[in-house]
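Student: The lines below spell out each chain.
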Amino acid sequence: MASKRITVDGNEAAASVAYRASETIAIYPITPSSPMAEVCDEWASRKRPNLWGAIPELAEMQSEAGAAGAVHGALQAGALSTTFTASQGLLLMIPNMYKIAGELTPFVMHVAARTLATHALSIFGDHSDVMACRQTGFALLCSNSVQEAHDMAAVAHAATLETRIPFLHYFDGFRTSHEVAKIEEISDDDLRALISEPLIHAHRARGLTPDRPVLRGTAQNPDVFFQAREAANGFYDACPAVVERTMQAFAARTGRRYGLFEYVGDPAAERVIVLMGSGAETVHETVEYLTARGEKVGVLKVRLYRPFARSAFLAALPKTVRTLAVLDRTKEPGAPGDPLYLDVTTALAEAHADGVSPFAVPPRIIAGRYGLSSKEFTPAMIKAIFDEITQEKPKHHFTVGIVDDVTHTSLPWDPSFRTESADVSASVFYGLGADGTVGANKNSIKIVGQETELAAQGYFVYDSKKSGAITISHLRTSTRPIRSAYLVDRAGFVACHQFEFVDKIDVLECAAPGAAFLLNAPFAADQVWGHLPKELQEQMIERKVRFFAIDAYELAKKAGMGTRINTIMQTCFFAIAGILPRDAAITHIKKAIEKTYGKRGPEVVRRNCEVVDQALAHLHEIPVPAAVSATYRRPPIVSERAPDFVQKVTAVMLAGKGDLLPVSAFPVDGTWPIGTAKWEKRSIALEIPVWDAKICIQCNQCALVCPHAAIRAKVYDESALSGAPETFKWTAYKSQDHKGKQYTIQVAPEDCTGCNLCVNVCPAKDRTNPKHKAIDMHPQPPLRDSERVNYDFFLNLPEVNRTEMTRIDHKSSQFLEPLFEYSGACAGCGETPYLKMLTQLFGDRLLIANATGCSSIYGGNLPTTPYTTNRDGRGPAWSNSLFEDNAEFGFGFRMALDAHVAAARGLMQALAPQIGDGLAAALLDADQANEAGIAAQRDRVVALRRQLAGINTAEARRLETLADYLVKKSVWLVGGDGWAYDIGYGGLDHVLANQRDVNILVMDTEVYSNTGGQQSKATPLGAAAKFAAAGKPIGKKDLGLLANMYGHVYVAKVAFGAKMAQTAQAFLEAESYKGPSLIIAYSHCIAHGYDMANGASQQKLAVESGVWPLYRFDPRRVANGEPPLKLDYGPPKVKVADYLRNESRFRMIERADPARYKAFLKESQAAAERRYSVYEQLAGIKVPIVQPKDEEEPAKPELMET
Amino acid sequence: MDLTTTYLGMRLPHPLIVGAGPLGDELDRVRVLEDAGASLIVLRSLYEEEITGEQMDAFFNYDSYSESFAEAENFAPEPELALGPDEYLEHLRKIKSAVRIPVMASLNGVTPGGWLSFARLIEQAGADGLELHMFHAASDMATSSADVERHFVEIVSEVKRSVRIPVAVKMAPLFTAFAHFAKQIDAAGADGVVLFTRFSRADIDVNELEVVRSTPLSNSSDLLMRLRGAAAVSGRIKASIAITGGVHTGLDVIKATMAGAHATQMVSALLRNGPNHLRRVRDEIESWMVEHEWTSLSEMRGNMSLGKIADPAAYERANFRMALR
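Which chain is which? The protein sequence lines are A and B, in order.
If you're matching positions, the first sequence starts at 1 in the numbering used here and goes up one per residue.
If you're matching positions, the second sequence starts at 10001 in the numbering used here and goes up one per residue.
The set of hints was computed from the structure by calculation and includes no laboratory data.
A couple of the hints might just be wrong.
Here are the simulated BS3-like pairs of lysine-lysine, each with C-alpha atoms no more than 30 angstroms apart in a straight line [what the hints assert, rightly or not]:
| id | chain 1 | residue 1 | chain 2 | residue 2 |
| --- | --- | --- | --- | --- |
| 1 | A | K694 | A | K734 |
| 2 | A | K694 | A | K771 |
| 3 | A | K599 | B | K10096 |
| 4 | A | K1162 | B | K10094 |
| 5 | B | K10096 | A | K1158 |
| 6 | A | K1135 | B | K10094 |
| 7 | A | K590 | A | K557 |
| 8 | A | K1162 | B | K10096 |
| 9 | A | K47 | B | K10094 |
| 10 | B | K10094 | A | K1158 |
With these hints in hand, go ahead and build the complete structure from the sequences.
Tutor: In structure tokens:
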């Protein structure tokens, strides 16, 4: 029977086997492996059986360490188990991996190999994580393509049972895990035939059971450990042969043949590249091209990397080889070579020494490194390697794919060298995340995959923004298998789904001569050409491009599809590319629409199908004139005023040409300048807020809620208005605290994302026309130029003098300069307003330790970052260590600061006579409780430095390095609920259990937002989330209450949309408290499934329904005889149902299982009432002030003075 | 005492039926209403606009974020059920299988396709009848009353063509030429007319400058305009007549019957007084009939309709003049 063809990505290909071959699955989300866990969860929730008719037991754990522990336990108890992970997650599993291997336990884990964080985090692919496990005792089995990710998964699950050696099956993160390709599916019968039932029984029989008790996990001593460790050797010796046999059995069932090492190329090759992973397929393609042209080259693909089978390796190589280039996709700084190179070198050297080498003359071995963090690895680079190793003295330990102009390791390559044959059709699509381009292209690949005999491949590149994200889709179809594991750089079809890209991106860079170019343009067909920049017109003429245009937005708008143009553009693609007959294509597009959007409802399907039917009538082929007629050139990427680094590095990255930057362009240690987001003018809002000064009540709420600091408030002297642009708006400020000053609300037109949060919170209506508010949305394009000038003027207005602020609260805080601006966070983000406020309140003395997650991505993902400085050059110092360790990481900041302060104070005391006793005493006793006090201390430090300059001692020099620490610093540990409630809870708890002065801000979105909405322990009862698709069956962990119980921790629960004043108050109190503080901040999130414009009102409902309490627990109140807990909300006055019904995460359950929803609702309502009652009682508890009776000196709390 | 009636071709033991509204939302409550003697129950309206709106919201709010970020293909689990009328239909099925009395559904459509497809689905889910809940936002300056009437009549005839279950038309009291319109609806094949829809109230919050909506419970004074409506068409159309809005007492039912109603729908009275109120009203009807020597409701049905009273003008201009006197 012919096998079934499916079009899937590498993750699903691997998970499909893992799920079927497992009884237990423990998971934890981490990019790029999360989809494997997600799809297994989805199958389990839909009751899909495994090979033995059971539904695997599946559990999400609190971390990868937890998942590893759980699978270890499941294995020990005799079950078949699997897990999925990558990168840091894999590192967290290492301790258990040693155990699992040491106990000779059959087990397979599937890894989407990803870069480890070093000088920077990277979510992309290389082998650094897998290579960190090669010493654990696991077998390492590599897949190079989507088909192989499916096939090797099967080989691994079969072989582990016989070998008793656990397997780490891996494939390249993103390049394979996220590539969509047509593959042959392994049937259940084939899998059953491979996976031996008696061996499963044997595994089960080794399981721990009180019916046949044994002991495992002993502690052994010097007398026996060593011998016992060596006792397992035989299993490793036998492993390669078992894997080979399994591969043969697999081939017998499926016809697909694999080996431990696979050689492709000239049988008499003289030059051979040795490598593993997706790059091996590109080398394969290149070798075929070169051998066809007479070159004696080949490639050896390493499949079973551990245990390394020397004889099989030697046997696979042609005897004619004279030079081997061994390529590693990882870097081991300081090692004599990267791991695969060392293994190959050792194997050959030992074979030679043992007299078993098949080579008369041992081949020369050259090491090379490529592809870190998914760096492109192309045939041109491979050709460069083959060329290099032809040299008499080739470069050893080379790099390829970059320009290393510092240590000169890199090989040059000729980018014009290409191997793709004429039978490959390649297409590139530029789209926005929000317009659905990638989704439609995935469907197109599936259509081609399922409806034609063609091979099909899709790969998708995203930028790092969460709002207005640009996507680039790379599609290939071919009559032959596609091995091109690199981006399309010569396309016969290019589509640009967003007109504004033509001014920003070189969209035709990859267009082949004669290519078709499809542009979504908001103009009549005869007007489009005239709106194109000169560069684009030139390219079109020069490359003889066939030009097509459609006004897809107009069509989508008319059909009630908003900005969703993907199915329109997909229809045009099929019509132009001609892969299928038009009618057939349209039929299949509609089927795909039904499949993709059917889950949203028939109306969504109907409207999509309607635009598909209308699309071609709106598509126009536009004759390309013979001559350029453009009136303008593409504007520069960044302003000419941008600093040198931004011009030379950031702008290149923004232009999508970061690959071209040489090593010398970069800092050596990952240190990066801040304040770069301001130079990236993305201009993504279709509409922006417009201020009406006449109506405005000057509450500043618009500025406070803005997630992107794109609408701001200022008060200033009237004199500052001289030279104001014509359309600049201001009005007299009405409050007492800045009497006589002028007031402006100003929008940053090119930084606003158009989220509408500001409009929705604006309380000021025009009494004669209430739909008009003090803030209304208006189309951006006509306002862009004038508001850009106004915004520049606004930014140059003087900032408010912080020391003159009589009080700082939610309103006045908005006059303080935000030092977090224009981040890449989602439009309407519920987290960033808190961070922005944090920087407004304390930004010039702020250190932030940021847990990995959304906030570390929009906070620190290049090319541009949002933290910035004030006019004095001060601003938040920010760093991200890891996901799990952030509390400890920030705690370390505090330890260092405390050490610096203690050292500085000691030196001050020692040097007081020289410094001047008065100044020294003032510095030591400074009251820094408010802005004036801090400013005065800064002045004193300046004076101190002056004094120190005249003191010629080592102590004075030391004090110079420490003097700035005498000014109060504010340490904030920032992250999401995944960190604080789950993976980082142990550390967070430990930090709370200390007395150091740290402030913890948990931006609680109630799911793992960054990895796609998986449940955390913060997910509320009844909410649908990934890994809780049927609604989370238990309630949210009360992190605040747990922290309250310590007694010495300041704890606040806040929701800016419900009570801005309380939010600001909590931040100020937490910061002023000289001990650990914890703020848990309600953060609405796109994962909640509603329009983020309503985020603030939904927060209000959360509080009014009692779902989200507001309180402040301040241990300082105890001393005044007051209860430490103060509630900032009243008894529930809105039904919980009124809160839940607005959010799809709850509504989804109501629809799928109304009875379950009703039970959740009942329990949530009761919980809200119970919660209020409990908190109300707690808020009445006064803690008695009891003096210790012991005559000894009572132990004083060691709260650090700073 | 014969309280039986025939409504939409269905033989009912008495005319007290539970009108469209929240009373049909809970299975347990429906059972209690049946036990209390309700002769038929109409479930709350299925609103096409609400359903399609929710589908499109889910599409925009979830799919706009899908496939746009390397770390997450999407941000929510795939829903098991599509948003659509399934939730309503499932509820209808459950109610239908739990009670013996007839169960009707109510439908408010927007598009012709919506009216038809949802009507068919409702029939397939087992409804004993269908109420078409028709209203038109009278604020549209481009649409004439004739356009509105034509549109509604077309929908009625098309729905009638596509389903076999009886179809009643619940109409608003705001038609300029109500009797003429009712006649057209009758001619289009409607099995009944339901008089009249009660709109939610729109009030103005003068401080917040917002429109505040509310749906207060009805009282017997709301009945009067319904009596006039029923009286105007009773005996002159083939379709059954139901009165909804303001039926609270036994005497209200007597009045409705005399105006020509075959059935009287109660919602507010039951929400205020509980399901047992049905028993009380029935007792009141029977006591009144005994006292006034009526043996059946059919005897009195329509006796006070326009065609049967001596002074038809009493329902029309005259009552206005007299009231002023």
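Student: Each hint needs a verdict: does it hold in this structure or not?
Tutor: Results of checking the hints against the structure:
1. A/K694 with A/K734: Measuring from Cα to Cα gives roughly 12 angstroms; hence the hint holds.
2. A/K694 with A/K771: holds, 15 angstroms
3. A/K599 with B/K10096: It holds: about 27 angstroms lies between the C-alpha atoms, which stays within 30 angstroms.
4. A/K1162 with B/K10094: It holds: about 21 angstroms lies between the C-alpha atoms, which stays within 30 angstroms.
5. B/K10096 with A/K1158: holds, 20 angstroms
6. A/K1135 with B/K10094: holds, 26 angstroms
7. A/K590 with A/K557: Distance ~19 angstroms between A/K590 and A/K557 Cα, so the pair holds.
8. A/K1162 with B/K10096: holds, 25 angstroms
9. A/K47 with B/K10094: holds, 24 angstroms
10. B/K10094 with A/K1158: Roughly 15 angstroms between the alpha carbons, so the hint for B/K10094 and A/K1158 holds.
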